[in-house]
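S.K.: If you read the sequences in order, they're chains A and B.
Residue numbering for the first sequence follows my numbering, starting at 1 and increasing by one per position.
Residue numbering for the second sequence follows my numbering, starting at 1 and increasing by one per position.
A portion of the hints provided could be inaccurate.
In this list, chains with the same sequence are indistinguishable; a pair is considered to hold if it fits within one copy or across any two.
Claimed, not checked - Derived BS3-like pairs (lysine-lysine); straight-line CA-CA distance at most 27 Å:
1) K298 x K275
2) K194 x K326
3) K309 x K194
4) K353 x K275
5) K104 x K353
6) K111 x K326
7) K111 x K194
8) K353 x K111
9) K353 x K267
If you are wondering where the hints come from, they were derived from the structure by calculation, not from laboratory data.
Computed from a prediction, not measured in an experiment: that's the story for all the values here.
Single-letter residue listing:
Number of protein chains: 2
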Amino acid sequence: MSGKLLAPDFESDIRRLRACARSQRSLSADRKNAKLRELAEALVRESARVLAANAEDLARLPATQPAAFRDRLTLNEQRIAGMAESLRQVAALPDPVGEIVEQKILANGLKVRRVRAPLGVIFMVFESRPNVITEAFSLAYKSGNVILLRGGSESRATADVIYELMQKTLGEPPPFLGVRDYDRDVVAALLQRKDLIDITVPRGGEALIDFVQRTALMPIIKNDRGLCHTYVDDEADVDMAVKIVHNAKVQRPGVCNALETLLVHEKVASTFLPKLYATTESVGLQWHVDPVSNQVLKGLARVQPASEKDWDTEYLDLILNCRVVKNLDEALQHIERYGSKHSEAIVTANETKARRFQDEVDAAAVYWNASTRFTDGFELGLGGELGVSTQKLHVRGPVGLRELTTPRWIVDGRGQIR
Amino acid sequence: MSGKLLAPDFESDIRRLRACARSQRSLSADRKNAKLRELAEALVRESARVLAANAEDLARLPATQPAAFRDRLTLNEQRIAGMAESLRQVAALPDPVGEIVEQKILANGLKVRRVRAPLGVIFMVFESRPNVITEAFSLAYKSGNVILLRGGSESRATADVIYELMQKTLGEPPPFLGVRDYDRDVVAALLQRKDLIDITVPRGGEALIDFVQRTALMPIIKNDRGLCHTYVDDEADVDMAVKIVHNAKVQRPGVCNALETLLVHEKVASTFLPKLYATTESVGLQWHVDPVSNQVLKGLARVQPASEKDWDTEYLDLILNCRVVKNLDEALQHIERYGSKHSEAIVTANETKARRFQDEVDAAAVYWNASTRFTDGFELGLGGELGVSTQKLHVRGPVGLRELTTPRWIVDGRGQIR
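Start from the sequences and build out the full structure, keeping to the hints where you can.
M.R.: In structure tokens, the structure reads:
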């Protein structure tokens, strides 16, 4: 226990949550879907209260916080409508619980099935975005799990109202528990309790992920950084490459599947880079470039030499690293060294090179002639995501409903023994 | 790094192993199968050398070590033949690498496939059994991974000879590394290196598992304890129940899928328990019983009252806990409280009760009218196992070839952007 203890009342609450996990396992899809739709209605109906609480949180936020932080914390009618819509979408997805992954009859007559079952108690530790509450809850609930939610203290008033709406909608015993104690020691104590929590999902900055990884005794699903590359080959369609790279970098730079480092074959650098530069000028993209790219782009605004540290930096901002490489091998080596195993892309007309890139790059998602921005639960048809996993255990890429379950073995016999 | 550092030479060795992981990912099944068969031949051909080294290890073993420990360390011609046969069996299994788990074309025309890929570098920490070396290696190798092996110092001479045979057979660079430094700090230092190791698999006693769980920064697949129950219902075929319980407890009591606690419906206790007792008398089974069972079995040899601690004890020995329950609910509650989520069984002729038991018991494998001893990679048709997982992430139950891979996303586009 490392000296950190949970308050007895709080421990009882979690034990009740754990007991609730048992009944959740066999809840019908209809019942779960109806509750998710009710919650969507409640959110919209009570949006004025949610927004009032959110205004309170925003008023308390120090002016020194960056605009991006304030933006993540902010709700408005449109964002609440988005939260409700997302709940309805999860309600419309197939229920993974009970799905038969494999079935066979063994030589000894045993009938064996592998059937998907919920993970149990999921502990979600997240930072400021209040819409994570309903998103994470809906995925956990629909997949037959219960969830313990611990957000950032900045959003406490907003979270309290949302927890209250969830509690009213879902009845007793509620299949979730919102942690209202914002002391970090509480998280540390919970991370020791593998007897109470089956799995922890940290979602936030590197410091949070690192803390959870070092402290947790139960398995975690990590939503780690995305240091994504796109390699533009000498056999690339240059216009397609401009469109893909522009999209991957500029459309939404603050997310994990956005591009950070561009690798360009030396044969196309002088045609491709100026074209790309022209399309990114209006958005004020900053370029951190290697010496060869610098030759091509020299004298242009917002172009500066890249440092060694840059290749290893996830900017999540309108900054692009750019390096010219001799060939595919050099691109592969660069990605092997600096990639975060999230999403990587090649733009080329040569299928042989594309397949080699897809085979050899060890990432959750590897694209040929498409933007890395597609690594997303909705985009890939999972209907939503609890995050994007960059670990190799359990799930690589978006964590959807199915990924919140595991197959277990159900075996029917007629008295078989060994 | 917690102050523990790896020796520079050793760190270079592991970096070479990691580099080797890249080429292993695309190795053909034919090549891997040929090497596994060659290794089987080498083991048999060089068995005299292996046995001489093993005799050296056994001679060094303190006489105070329990017989079971000595037995696990011991090799003989028959066990070496078994190791070779197991290598041939793994060679005969389908290669999971490249298996397409799912494929679809999205509305935007993106062609999406989920393709199985190796985990990468597997760190296997195990105790005395030297046959784990070839078993774990073969599964890791066949599934496209590389493996770092660290056994117990008791088997160091045996391990050295086996590592040498593996090295000769597999050539350079070898897709494995045997750790010959038996200082526990080396394991601790390795468990911090998530940059070098993708996943750790501890296999051994509770102290080892606990140490790895508290120290490792990378994901682990835990081979934890099996505190398995069998519930004999009032609608059970009593003779079938005797056969199943006898097998689950007696056939090989030292393994994790063996029975520890028997739960019996009160209506059949007086007929079932004496019959079972009669079949277990010759093997000297010790009974730890609750007061009601004690009424039925009183005065018989080797029957003693169970303590509260007994219900929570994995004996791995010829000792059986026995408790009479009022009904299925009480059995379910007992298993919920004391079970280790490994293997649980119900014996009944009533399908409704069997299905309820299978639905509500949260274990990796749940049996109806069969022995818990079937929770095993070979028995369930996986061809082998690296262990049996009692965690809920990634895999529940036997860890076979497929479980040493994870699907990743391979996406083909024609210039799609978001």
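S.K.: Evaluate each hint against the coordinates.
M.R.: Hints, one by one, checked against the model:
no. : hint        : in the structure
1   : K298 x K275 : within (14 Å within a copy, 91 Å between copies)
2   : K194 x K326 : neither (50 Å within a copy, 31 Å between copies)
3   : K309 x K194 : between (37 Å within a copy, 20 Å between copies)
4   : K353 x K275 : within (24 Å within a copy, 69 Å between copies)
5   : K104 x K353 : between (40 Å within a copy, 22 Å between copies)
6   : K111 x K326 : neither (57 Å within a copy, 29 Å between copies)
7   : K111 x K194 : neither (33 Å within a copy, 40 Å between copies)
8   : K353 x K111 : between (45 Å within a copy, 17 Å between copies)
9   : K353 x K267 : within (16 Å within a copy, 70 Å between copies)
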